[in-house]
Amino acid sequence: MAGFVLRRALLVLPSLFGLLIVTFLLIRMVPADPAAALAGDNATPAQVQAIREQMGLDQPLPAQFLRYLGDVARLDFGNSSYSSRPVALDIRERLPATLELTFAALLIATVLGVPLGVIAAVHHNRWPDFLLRVLSVAGIAMAAFWLAIMLQMLFAMRLGWLPLRGQLSVGLTAPDGPTGSVLLDSLIAGRLDIFTDALRHLVLPAVTLSLGGLATITRFTRAGVLETLQKDFVGYGRAVGVPRRRLVWIYVLRNSVVATVTQIGLLFGGLIAGAVVVESIYDWPGIGSYTVQAILTADSKVMLAVTLLIGLIYAVVNILTDMVHALIDPRLRDEG
Amino acid sequence: MAVDTLAVTGLKVSIQGDEGTARILDHIRLHLAPGRILGVVGESGCGKSTLIRAILGILPEGARVEAGEVMFEGENLLAFSEAELNRNVRGSRISFIPQDPYLALNPLFTIGQQLTETLRWHAPALRSNAQRRARLVELLRRVQLPDAEGALDRYPHQFSGGQRQRLLIAAALACSPRLVIADEPTTALDVTTQQQILVLLRELVTEFGLSMLFVTHDLGVVAELCDAVCVIYSGQTVESGPTAPLLKAPLHPYTRALLGCHPERSEGFAGIPGAVPSPLRAPPGCRFAPRCAHARPACSARAPHLLTPEPGRQVDCILYEQDTVPA
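The listed protein sequences derive, respectively, from chains A and B. Per the working numbering, residue 1 is the first one in the first sequence, and the count goes up by one each step. Per the working numbering, residue 337 is the first one in the second sequence, and the count goes up by one each step.
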C-alpha cells in the first residue's frame, strides 16, 4: 500500500511542474512591463532599468523561472496590493474557513447522496427513482446565487432560524488554536457556545454549496448500483439466501461507489471554485471571497497564489482518490 | 417408496418482455430421488437457468410461474413466501453451486467475509464468527483446497478457477443442505480440473448424504457423474430415465440427435439442422418437431403424451404412442 501511494504521488509531480510553467509564462505574457508600472509615470529610463535589474527581469527566461521556483518554494508571493500584507499570510488565515465550508458541503452531499442513489437504483423505474431523478436534475441546474438568496430569505429573514451571513455572530471571536478553523479551534478550546454559533453560520452556505454535488453523487451512485445489481455475485447471494437488504447495502454498494469516489474527488476541486460565489453571498471569510476581491482589484499576485493553491489541492485530492480506490478494491493494491 | 427430494411437474414459466410474452418453460417434469444425482441436459437457451431460478424462487422481474408444482421433500416451494424461502430453503436446505465461480464471488470482499455470510443466516448453531470460520476451514480441507486456513483472508482474484470452484463447493456444504443445485459447475474450468471437481462432487454426495441436481449441456459429464438424466428441449422435458440405458438407447429423436453431436460417439461431425426456436415464437405441440427427422403432422397439432416404455424411463414423443419406433 505504501508503495502504491508513493507511485501515485510521483505521478502527480509532472502535472504540478506543468502548472508552474503555465503560470510563469502567463505572467510573462502580460503585455505591461511590471518594472515600468512599479517605477511610476515620472521615472527615468535609468530608474526603470534599475528596478528591472532588481526584479531580475533583465535575465534570460530560464534564470527567471528558477527564481520563480525559488519564490514559490519559499511561499513568497509578495504583498497583496489590496490588503498590503504578504499573500501567503492572507491565504493561511483564510484557507481554513474555505476548507471548513468545502468539507461541510462534501459531507452533506456524500452522506445524503450515496443512500439516495442506492434507493433510486433499488426502486429502478418506480416512483422514488423518478422523483430523485427530477430532483437531481433540478439540483444540478439550479444557480447557486439564486438558491443562496432564497435560503437567506426563508431561513434567516422570514423564519429567523439561522444567521444571515458571516462566520460568527458579532461579539464573538474565534479562539486561537492550532488549526485556524473556527469549528475545530473552538472545540479544542472547549468553547461550545462559539462552536454552536459557528455551526449555525455554516449551515446555509454549506447546504447551498452542497446541492450540485449532492445531485451528482446521487446520480453516479444510482448508475453504479444499477450496474452492479446485474452482476452474477448478486444472483449468487440471492440463491444462497442472503437477505436482499444486506446484499444491497453492503455487498453491492461497495462495488458501486468506485465511480462515485472519483466524482467526489473531482467535486472537491469544483467546490472550492464554487465557493467563490457562495462565500461572496454569505460574506464568508475564505479564499473564495478573497479571490473575488483580487479579481476586482487586478491583484495578480493573489490570483497567481490562488491558482497554484487550487492546482495543489486538486493534485492532493487526486492522490487521496487513488488511495480510497485502493482501499475499496484489493485488486488495485496487488497490481500497485 | 421414499418421497422424492425434488419433484417438478407441469412447470410453466413465462416472461413478459417488450416483444410480448415468452413461455420459457413449457412443461418441465423431473424427479430426483434421495441420495441421487440427476443430470438436467439441454442446449444453451433451453431454459436450464430459468428452471433453477424457478426452483429457488429467484426468477427475474417480469417472469411468472403460470402452472406446476415444485415439490421439495413433500412441500410445494411455489407456495412459500419470499421470507420463508430465504429463511428455510435457500442456502440452508437447498444450496447452490454457480456456473462461473469467478463471477459469483464479489471481488472486493475476502473469501471469509463472503462465505460466512450464508452461515450467519442459515447456521444458527454457529454463534460466533470464529465458529463459522472454523466450520468453513474444516470444509475447505475436505474439498482439498491448499492452505485452507489462509484462504479465508484472501480475495477471489488470488485463487485459480478450480480453487474458486472448490471454495464455492465448500460453501454449498456448509449449512448441511438436503439438496445441492449445481449450475454447470465445471463449464468454466479446464478439462483436468473439471475431472477432479466431478470426482470430488461424486464423493461428497455419498459422504454428506446429499441429493444433487446437476445442470449441464455436456452429455459426457452426465455419463460420468449422474444416476439419472432429464433431457430438456426449448422448455419441454422430452425424455428422462436412468443414465446408462438412456444414453445407450435414447428414445426421443432429440436425445438421439444430441448424442449424435457428441464427437466421441459419432463418426464425423453431425449437427442438428435448424436452431432452438425463440420462446416468443415457439411452435405448437412438440417444439422439436420443426427440426425432427421423424416429424409428422400430428407432432405440431398437439402436445405428445407422456409414455413409459420401460420401467423408470419416460418419453414425450408421438412416435411411441403408436408403437412405431423409428429405425
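Since the hints were derived computationally from the structure, they do not count as laboratory data. Quantities reported herein were computed from a predicted structural model and do not represent experimental measurements. Just so you know, not all the hints are guaranteed correct.
Here are some chain B residues the structure puts well away from chain A; computed CB gaps all over 12 Å [claimed, not checked]: (1) E397; (2) E418; (3) V425; (4) R429; (5) S431; (6) P434; (7) P437; (8) P443; (9) Q480; (10) E485; (11) G498; (12) Q531; (13) L540; (14) H630; (15) E646.
To give an idea of the chain B side of the interface with chain A (calculated C-beta under 8 Å), a few residues [to be verified]: (16) A440; (17) L488; (18) F495; (19) T644.
We treat Cβ as the ideally placed atom computed from N, Cα and C, and that holds for glycine.
Hints, verified against the model:
At roughly 9 Å from the closest C-beta of chain A, the C-beta of B:E397 falls inside 12 Å, breaking its exclusion from the interface. B:E418, annotated as away from the interface, has a beta carbon of chain A within 12 Å; the closest lies near 9 Å. Once the 12 Å rule is applied to beta carbons, B:V425 is inconsistent with being away from chain A; the minimum gap is 7 Å. For B:R429, the requirement that its beta carbon stay farther than 12 Å from each beta carbon of chain A is not met, with the minimum near 10 Å.
For B:S431, the non-interface assignment is contradicted: its Cβ lies about 6 Å from the closest Cβ of chain A, within the 12 Å cut-off. Not every CB of chain A is more than 12 Å from the CB of B:P434 (nearest about 5 Å), against its label as outside the interface. Distance check for B:P437 against chain A: the nearest CB is about 9 Å away, which does not clear 12 Å, and the non-interface claim fails. Not every CB of chain A is more than 12 Å from the CB of B:P443 (nearest about 6 Å), against its label as outside the interface.
Distance check on B:Q480: its Cβ is at least 22 Å (rounded) from any Cβ of chain A, clearing the 12 Å threshold; non-interface status holds. For B:E485, the requirement that its beta carbon stay farther than 12 Å from each beta carbon of chain A is met, with the minimum near 19 Å. For B:G498, the non-interface assignment is confirmed: its Cβ lies about 18 Å from the closest Cβ of chain A, beyond the 12 Å cut-off. Even its closest Cβ contact with chain A, about 24 Å, leaves B:Q531 beyond 12 Å, as expected for a residue assigned away from the interface.
Look at B:L540: its CB is around 17 Å from the nearest CB on chain A, clear of 12 Å, so calling it non-interface holds up. Look at B:H630: its CB is around 39 Å from the nearest CB on chain A, clear of 12 Å, so calling it non-interface holds up. Listed as a non-interface residue, B:E646 keeps its Cβ farther than 12 Å from every Cβ of chain A; the least gap is roughly 35 Å. Given hint, B:A440 at the interface with chain A, holds; its Cβ is 4 Å from that chain's nearest Cβ, closer than 8 Å.
Against a cut-off of 8 Å between C-beta atoms, the interface hint on B:L488 is violated, since the closest Cβ of chain A lies about 14 Å away. Taken as an interface hint, B:F495 does not check out: its beta carbon lies about 13 Å from the nearest beta carbon of chain A, beyond 8 Å. The restraint placing B:T644 at the interface with chain A is violated, with a minimum CB-CB distance near 33 Å, outside the 8 Å limit.
Consistency note: the structure conflicts with the earlier hints numbered 1, 2, 3, 4, 5, 6, 7, 8, 17, 18 and 19.
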